[in-house]
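Produce the complete structure using the sequences and hints provided.
Spelled out from the first residue to the last, the chains are:
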Amino acid sequence: MPVEVPKEKWPGSVRTITLGALPAEGGTRKRVVTVGGETAMPFMHFEGEIPYPPVVAIEIKDRKPDDWSPLLLETWRDVIDDPAQWAAAAEEAGADLIVLALSLTNRDGNPTTPEEAVASVKAVLAATGVPLIVFGPGQAEADNALLVAVSEATKGERLALGICEDKNYRTIVATAMANGHLVTARTPMDVNLAKQLNILISDMGLPLDRILMDPTTGALGYGIEYGFSVMERLRLAALQGDKMTQLPMIVTPGFEAWKAKESKVGEGVPKAWGDWLNRAINWETLTAMTLVESGADIVVLRHPESVRRVKAAIDELMAAKAFVS
Amino acid sequence: MSRYIATRAIRGANALVREAELMLKRALAEKGGAQKVAFPNTAYYLPLIYGMTGVAVEKLEDLVPVIEHAKRLLHPVPSEKMWTPYLGETLDSGMATLLAAETIEAIRFVYGLQPERMPGFTLAGGTAYPELDSPNNGRVGHLNGPIDDIQLRSWGIQLVDGRMPGFAAIVGAAKSNEVAVKIVRELQKRNILCFLSGNVNGRSIIHQLIEEGVELGYDTYTVPFGTDTISAIYALGFATRSALTFGGLKAGQAREILLYNRERVFAFVLALGEVDDLKYAAAAGAINFGFPVIADTVIPEILPTGVTKYEHVVSMPFNEIEGADDLERAERLVQKCIEVRGVKVKVAEVPVPVPYGSAFEGEVVRKNDMRVEFGGKHSRCFEYLYMAPNDEVVDGKVEVIGPTFDHIEPQGHMDMGIIVKVAGRQMQEDFEPVLERQIHYFINGASGIQHIGQRDIAWIRISNNAAEKGFKLEHFGKILHARYHSDFGAIVDKVQVTIITEPELLQQWLAKARAAYDYRNRRLADLTDEKVEEFYSCTLCQSFAPNHVCVISPERLGLCGAYNWLDCKASYNINPTGPNQPIKLGKVIDPVKGYWTGTNEYAKIGSHGVVQEVSMYSIMENPMTACGCFECIVMLIPEANGVMVVSREDPSMTPAGMTFSTLAGIAGGGLQTPGVMGVGKYFLLSPKFISADGGFKRVVWMSSILKEMMAEELKKVAEREGDPDLIDKIADERHVTTVDELLVWLEEHQHPVLSMEPMF
Amino acid sequence: MALSGIQIYKLLPQTNCKECGFPTCLAFAMKLAAKQVELSACPYVSEESKAQLQESSAPPIRLITLKSDGYEIKAGNEVVMFRHEKTFYNKPGVFAKIKTSAAEADVKELAGRINDYRVNYVGIDLEVDGIAVEDDARNADKMQKTLSVIRSVSKKPVMLFSDNVASIEAGLSQLSGETPLIGCADSENWEKFAELAKQSKAALAVIADTLDGLAELSEKAKAKGVEDLVLVPKGKNLGHELILQSQIRRLALKANFRSLGYPTLAFCQTHAQIAQAIAKYAGFLVIDQFAEELVYPLLVLRQNIYTDPQKPIQVQPGLYEINNPQPTDPVLVTTNFSITYFSVANEVEGSGLPAYLLVADAEGMSVLTAWAAGKFDAERIAKAVKAANLDTRMSRKRLVLPGAVAVLSGEVEAELPGWEIRVGPREAVDIPKFYKQVLQVN
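Chains as they are written, first to last, in our numbering: chain L, 294 to 618; chain G, 5 to 764; chain E, 113 to 554.
Treat the hints with care, since some could be wrong.
[As the list claims (entries may be wrong)] Subject to a maximum C-alpha distance of 25 Å in a straight line, what follows is the list of computed BS3-like cross-link-like pairs (lysine-lysine):
no., chain 1, residue 1, chain 2, residue 2
1, E, 487, L, 614
2, L, 300, E, 211
3, L, 604, E, 346
4, E, 332, E, 186
5, E, 211, E, 257
6, E, 220, E, 267
7, E, 487, G, 711
8, L, 357, E, 545
9, L, 564, E, 220
10, E, 310, E, 346
11, L, 302, E, 487
12, E, 366, L, 300
13, L, 614, E, 348
14, G, 473, G, 371
15, G, 254, L, 448
16, L, 357, L, 460
17, L, 614, E, 366
18, L, 300, E, 198
19, G, 516, G, 482
20, E, 545, L, 552
21, E, 334, E, 310
22, L, 536, L, 552
[Unchecked claim] Footprint (simulated), chain L over chain E, 3 or more residues, beta carbon under 8 Å:
no., region
23, 323–329
24, 343–357
25, 372–383
26, 452–465
[As the list claims (entries may be wrong)] Per label pair, the in silico range of CB-to-CB distance:
no., chain 1, residue 1, chain 2, residue 2, range
27, E, 337, G, 762, 42 to 48 Å
28, G, 63, L, 431, 47 to 53 Å
29, L, 431, E, 348, 19 to 25 Å
30, L, 367, E, 215, 35 to 41 Å
31, G, 395, L, 502, 45 to 51 Å
Hint data in this document are derived by calculation from the structure and do not stem from the laboratory. The model shown is predicted, which means the values in this text are computed figures rather than measured ones. Yeah, the Cβ is synthetic: ideal placement off N, Cα and C, and Gly gets one too.
Pasting the structure below:
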């Protein structure tokens, strides 16, 4: 007796968003990245389209970071002082995208200037062919000062600028509008707050196909279940036709996982935690994979080995289309 | 629409278009059609023309169709006898004026007549003119002319992100140099950009400011365009480019560009001095952008709102403005401009001599540390907030009437009344109590000040420490002014506070306040579900109960007990994209069980399809879902033909065989479970409480803590239900914890459910 | 349309006999409506009612319990596709693999490690649930020997996998009185497996690479009298496994498709398979390699995903020391909601500044929620201070309240004479700044 599988036919779909611009489009990228377009829950190829695979971004900094796990500092040791080399190494390691997170202060401990930020961004653009996402240091004033300069200096590149939050989004959105960039919109693990910020941003006049939403996640062990469920709910709402949730999702499991004690600390921890390096990478991989399963379109990672694993998994998840059609 | 204004604007437009046409003809003859035409450092050609018509003017001959277009927009001057709405014609003429003005300025650039020369003058930052600014040419003094793209971008971002509230196009000359300076300073203080142009009999505000040594240029947010009216066109070129840059709009999308400006760019025209035909025509152009015109002379007003967000043309004759002197009049004039355009005031810091912030909210001022108290055992303190017409409220005014506490002995007391008068275009009478309740939180934020209670049982203490630091009565007013603007700016435009300690006046106001409290109580009691057209949703709890929606009606408050219908209404007005959205009721499907087309539709959307229908007044059929925050759980006791009500605070066993915490697992989670419902405790008192199932008489068991907490109110409910002893007939955990005991109790006490219809 | 609790109640005896384990018939009816109990728990329900309650009579995914001396691992009884819709109930059992080809000493060592593995996560001890024996040697003696060695060091439940039924039989001889899982039965050997399962009362894993195949096997096994079945959907790759797992769950829940109404088992080799199996519907996991650094995150992920969204994870209330604090250092107080605790602990730890973190019992709610619910008030805070003996322990008595409950400062001051009560920031991120700019200044 053949089993008849009930299929969900959803009325809505996720928007398709392209990051980066080729020379013909006014940018300098060798490749662009398109995400979104899903008409079904993650990888349910048998009942809808998953036209673009989720992509993996590697996060780099404009200088050697002060607070990263020593394991990461060691991994990127040879390139960590030069964002251009770091970016090139990240591309080499398989990054579909680069996330450049600007620091609050420069190497000398002085506040990062807009000129320095622009220089870092331009160096990274020159060193790579993949699209770029630029995050400010995370303090409203610094974010606005640095991102506006970066945005103007890279007009037409179709960068994604972040991070827009409900307390500070207007300047980033304004400069993105003026210079043809995208923004990422972050809300603290809540479906309604995510919708609200998307409404506020689109009310300013930025078209919805230039907004990536970051519903925020916790790392494994640190609230991942909230991120996981919020993402599933956002995706379900999008498929049900709620316009303000139909945006591709970007999440930063690398940042979250490497902040955890499990990744940061190697000594004085329980023996049951096992080998430090492998544990840390496992922490990042499991966090990222869980989020890919719940609908992430862009996952931002930090370690090349997790990038390799997550990309291999995504390949298999996408290839399954062949087995059901 | 004033025929007078229409006539003059149409006449002005006709004249200017004709002038532009003649100039263009002459220029074509003298310079040839291929002569290049451009404004400095812009990628938007002649921006207004480019935006409005889509024509990218690069050569003189490109201007020919522009003038043709302008001519088509002209209308004959209305005859003396005709009386029709002239708005359309006037607006067309305004647009023609703008096209003509930009054409004229462009031709002037060709002839080297722009930017306007001003010998000896140096801009404090401005558009670059290498030729004129070169030391080789002896640095020719000049005004700014149009704003370049770099500055546009920098200011544009600030206008879009809200750091700059808007811009003022000031045209003409002020009554005196002193007034000119005051006006500009007042605008600068509010971060409003000033664009200067025009003159009255040859004298321009630009001259006035230069004479007074005011620095003009990009650096001071005060840009001198030119001393004639035509140069005011640069302000609209700026507005057009803003829309093209930040609104993602394309050249030629005239309507969208105008709407963008109306909705998003907070700009206005301030016409100083006599208004001539050309100024009327230019003003009509500005109105196209939704920018209102405020004149300091007598001109007919156009008050009905429509094209602009508020009034179109407002006349505020300078000498008639209330004020001690010209400076105060200038201040009021600017205030008016801001009101008319709806620019919101932000007060960055609460101006009090003690630390202020939510961290101080819980501070207690003990008797020993106290300087003085108002209210409490020995004195009276009340607070009263009411709304008043806009022109009856002076924003920021704080008045203390009566003695201060200087003469009161340490740890003494005195009477005080705090009267808050607010105005706002979005303000409604229903918001008065909601706003009044905030006084408690606002005042508590000051370090060393303790606030308890509300209305006429308010009780405020000022600590010695705060008094030593200089905290005075007026600071209550300063706090309230700042906080209402920052927290309730969406509904409040103006706030005026009066602190009364003068005994006689205090009694008068206390009587007024009490009348208002009474009125509000009655209004709340009268506010029934039948009297409104919309309920409100509350999705605050969806973060943990994703499919739950509270439907809040006047007679059914949120199940957490924290939000009633008025709160939701105010919350929606303050935050239109927030968690409280109006639910239009639509058609009544069943008035008894409480079904409307609107509530059902909303239930489906809000619950993401999990709940199909919701009944407002029944526990047996599609009851409202619950998140988990409910104050009480109501549950069917089938054996008793009634329901029990268990309070969150009651840990004991109930006749349902389960405690509150076990029941909570069944009642919560946003799932519809007929027979179980989570509610706010005050809903028990509502006439709509399970009214479809028989109402309050169905209650057979209730946690004793509820009986005690709401003894008075329950007594009234019993009377309403026609059974004054009803509450005593309801069992509680002190006597009954099983169904069997309950049945015996009901028999013994002859509870009305015994004779009611079966519940199912 | 499913029946509501009240509709079901009408069909029950309404005697409140309590024999079903619930206090009243209505309570039982509501649990039935939520598909969380079986109708068979009611001994007195009439035949007529049974027929009417058919649809509500059993959970759509059968509850399977593996047992050994002192242990029980459950799978099944799930009622939703997405955890936010209600919750996922039974955490998938994690079994680590041991091969029969391994040397005896190695088996003993590994079984011991698996058995003894225990890791603490927010006050909860997490363990591996059992051992899966893979008969890669295809040798009944080896199987028997391996199990006897395992049983010498571990009493945890086991799974036996072999395509050689004789091996399974040999293994079972070591497991009398237990309910292990045996498998995997496929379309070729299912009959022998089914007989063995029936005879030994073991749960049976059936394997196929299509839903049709699985359904057919489960029906045949059931016809043979085997009720406790576990499905092993053998996907062609990771993505195919996801689709099969999702379809099985959906058929069981949405179509009440009984032949696939059993928990599933996933064999995991990669990290991605592990994450997917936990997030997407596996009832049991068998992991290829036992390694602490993998098992720890796996168990934590399982704990997280299977947290009831409405009953957040709680941290043990009490005093936590961060960065070796001295009796002069500040005491920060917060609630025992795990996420709240983590955000505060992480910030303080990351800053390197020494402090005591006092976690008050607020029934697992976040600061504001707990405050609003009356679970985090001055009294409770004072109680926590006393319980931790801080009055004698601290030489400088400084207590920092979360900014969100600034309103409590006055009351706390009254409850704790001799303490300086400070109001900290609202957000945990701002703690290091507050510490440096305020606490270190005075």
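The hints, checked one at a time:
{"no.": "1", "hint": "E:487 to L:614", "in the structure": "violated, 51 Å"}
{"no.": "2", "hint": "L:300 to E:211", "in the structure": "violated, 40 Å"}
{"no.": "3", "hint": "L:604 to E:346", "in the structure": "holds, 22 Å"}
{"no.": "4", "hint": "E:332 to E:186", "in the structure": "holds, 23 Å"}
{"no.": "5", "hint": "E:211 to E:257", "in the structure": "holds, 11 Å"}
{"no.": "6", "hint": "E:220 to E:267", "in the structure": "holds, 13 Å"}
{"no.": "7", "hint": "E:487 to G:711", "in the structure": "holds, 22 Å"}
{"no.": "8", "hint": "L:357 to E:545", "in the structure": "holds, 22 Å"}
{"no.": "9", "hint": "L:564 to E:220", "in the structure": "holds, 20 Å"}
{"no.": "10", "hint": "E:310 to E:346", "in the structure": "holds, 24 Å"}
{"no.": "11", "hint": "L:302 to E:487", "in the structure": "violated, 45 Å"}
{"no.": "12", "hint": "E:366 to L:300", "in the structure": "holds, 10 Å"}
{"no.": "13", "hint": "L:614 to E:348", "in the structure": "holds, 11 Å"}
{"no.": "14", "hint": "G:473 to G:371", "in the structure": "holds, 18 Å"}
{"no.": "15", "hint": "G:254 to L:448", "in the structure": "holds, 17 Å"}
{"no.": "16", "hint": "L:357 to L:460", "in the structure": "violated, 28 Å"}
{"no.": "17", "hint": "L:614 to E:366", "in the structure": "holds, 23 Å"}
{"no.": "18", "hint": "L:300 to E:198", "in the structure": "holds, 22 Å"}
{"no.": "19", "hint": "G:516 to G:482", "in the structure": "holds, 23 Å"}
{"no.": "20", "hint": "E:545 to L:552", "in the structure": "holds, 18 Å"}
{"no.": "21", "hint": "E:334 to E:310", "in the structure": "holds, 10 Å"}
{"no.": "22", "hint": "L:536 to L:552", "in the structure": "violated, 33 Å"}
{"no.": "23", "hint": "323–329", "in the structure": "holds (count 4)"}
{"no.": "24", "hint": "343–357", "in the structure": "holds (count 8)"}
{"no.": "25", "hint": "372–383", "in the structure": "holds (count 3)"}
{"no.": "26", "hint": "452–465", "in the structure": "holds (count 4)"}
{"no.": "27", "hint": "E:337 to G:762: 42 to 48 Å", "in the structure": "holds, 46 Å"}
{"no.": "28", "hint": "G:63 to L:431: 47 to 53 Å", "in the structure": "holds, 50 Å"}
{"no.": "29", "hint": "L:431 to E:348: 19 to 25 Å", "in the structure": "violated, 44 Å"}
{"no.": "30", "hint": "L:367 to E:215: 35 to 41 Å", "in the structure": "holds, 36 Å"}
{"no.": "31", "hint": "G:395 to L:502: 45 to 51 Å", "in the structure": "holds, 46 Å"}
Violation of the numbered hints given earlier is confined to hints 1, 2, 11, 16, 22, 29; the remaining hints are satisfied by the structure.
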